[in-house]
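A.B. asks: Dock chain B against chain A, hints included.
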Amino acid sequence: MREYVAALAVAAALLCASLALAQHEKPPAYKYDKDALVYAELSKAPQKARARRNPLEKDPDAVAAGRNLFEQHCTECHGNLAEGGRRGPSLRAEEVQNAEPGTIFWILSNGVVWRGMPVWSKLPEPQRWQLVSYIKSLGVAATVPGALPPPNSATASPSPLR
Amino acid sequence: MAIFSSRLFFSVLFLSALVAFLPRSAHAQESPYIVTYDHYLEEPGNLEIEYFSTFGTQRGGNAFHAYWMEFEYGATAWWTTEFYLDGQSTFGDSSVFTGFRWENRFRILKREHFINPVVYVEYENIRGADKILKEVEGHDVESDYASPNVVLRQDHNHELEFKLLLSGTHKGWNFTENTLAAKNLSNNPWEFGYAVGASRPLALKASAKRCSFCRQNFVVGAEMYGGLGDPYSFGLHDTSHYLAPVVAWNLPSDWTLRLSAGFGLNDNSHRFLLRWGVSREITGFGSMVSRLFGGQR
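Residue numbers (the working numbering), protein chains in the order written: chain A, 407 to 568; chain B, 711 to 1007.
Bound-form chain A, shown alone:
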């Protein structure tokens, strides 16, 4: 009986912990600050990484394969159209779309672990390049459907790459 009670207690503790994390609401301004911090990570890519060219740039299947991978791994955080979601920033912002393919590949490989973006090096290198192909194919979205307007210019995202 003691194991039963202990198992239930641990399960309840885990549920409470996950609830506490999940209930932690973030006001829109905070979200924009957080997005800006994530975009700022792009500027930290080493020069060698930035200079890398996408080896699948001319692969006709790369964008379609990248779209599959994106739907499987990225939409939960970045939204179905990469317009940004609950956890992740828009990938159609200028900061991302103007970044070199090598920079995006570097972010995918290294994540932004302290800001919630996991490391995606578990996807083999060609699959990460396929994702880069798809993301770059999206282009900049002038107005993203369903996106919240920036709270004010002071908290708007900086453009670390320009």
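Source of the hints: derived by calculation from the structure; they are not laboratory data.
A couple of the hints might just be wrong.
[As the list claims (entries may be wrong)] So the derived label-pair ranges between C-beta atoms look like this:
no., chain 1, residue 1, chain 2, residue 2, range
1, B, Ser963, A, Asn486, 17 to 27 Å
2, B, Gly1004, A, Lys440, 15 to 25 Å
3, A, Asp439, B, Trp965, 37 to 47 Å
4, A, Arg458, B, Arg925, 52 to 62 Å
5, A, Ala457, B, Phe816, 49 to 59 Å
6, B, Asn814, A, Lys440, 18 to 28 Å
[As the list claims (entries may be wrong)] Below, in silico cross-link-like pairs of lysine-lysine (PhoX-like), each with a Cα-Cα straight-line distance of 20 Å or less:
no., chain 1, residue 1, chain 2, residue 2
7, A, Lys440, B, Lys820
8, A, Lys464, B, Lys919
9, A, Lys440, A, Lys454
The beta-carbon is built from N, C-alpha and C at its ideal position, and this holds for glycine as well.
C.D. replies: Structure of chain B alone, referenced to chain A:
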């Protein structure tokens, strides 16, 4: 008590199966290892529900089927927490619930490196009848598991287990090494163990179409694990060791199947351990729970 606990285990199994059939899920990209860990953590907010079985032969006793459920939750991008429920059936003997484990893995470095360390901390509250062999430590040998369940259940272990996971991925190959140190919270010495593994997907590029039998959905490899004694008798003397080819099949329908055939490498080891597992990852579980309680994420 045993019947009650077995009911608990199978009730949780049933509920988990229901949850796993919920529509929102993520295509898994899971490693094939069953004992060894790599450095990849669960994505934040995702819950992975896993069921595993170990079928083992036993010299001087009856063969057994041990099983466990895992609930793996990505608390953050650098912290994964996991809860286990263990049970086993020994042929010609009985079925027993053997305890629970609570495991946490913490990523140390914020960027990807050649070798990536992850710290693993686990609390175990298990009976001596536990036979899932999720890790092999100290002087664990086959004969430890030969007694009837009614005897093995008398032994109740509270244990803390620490691992340093060192793992890296290069050109599609994952190489990982786990060093284990476990301390029974009663007056027992530290025990040590190891696990190493290597794996690679059959294809590195994804296909443009979703498919079940594409080569990139299959990850194959091998793992080796065993005990390293205790501080008074460190080394390979009176320890057991296993070598197991492993394969994972990551289905586009969001399920992952794993299979491992383990072979004992010395006379102290079970001759054969057949393991298999099935898992499903539920995307945004944290958000779903939050919405259930009125949150907005």
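A.B. asks: Could you work out which of the previously given hints the structure breaks and list their numbers from low to high?
C.D. replies: The structure breaks hints 4, 5 and 9; every other hint is satisfied.
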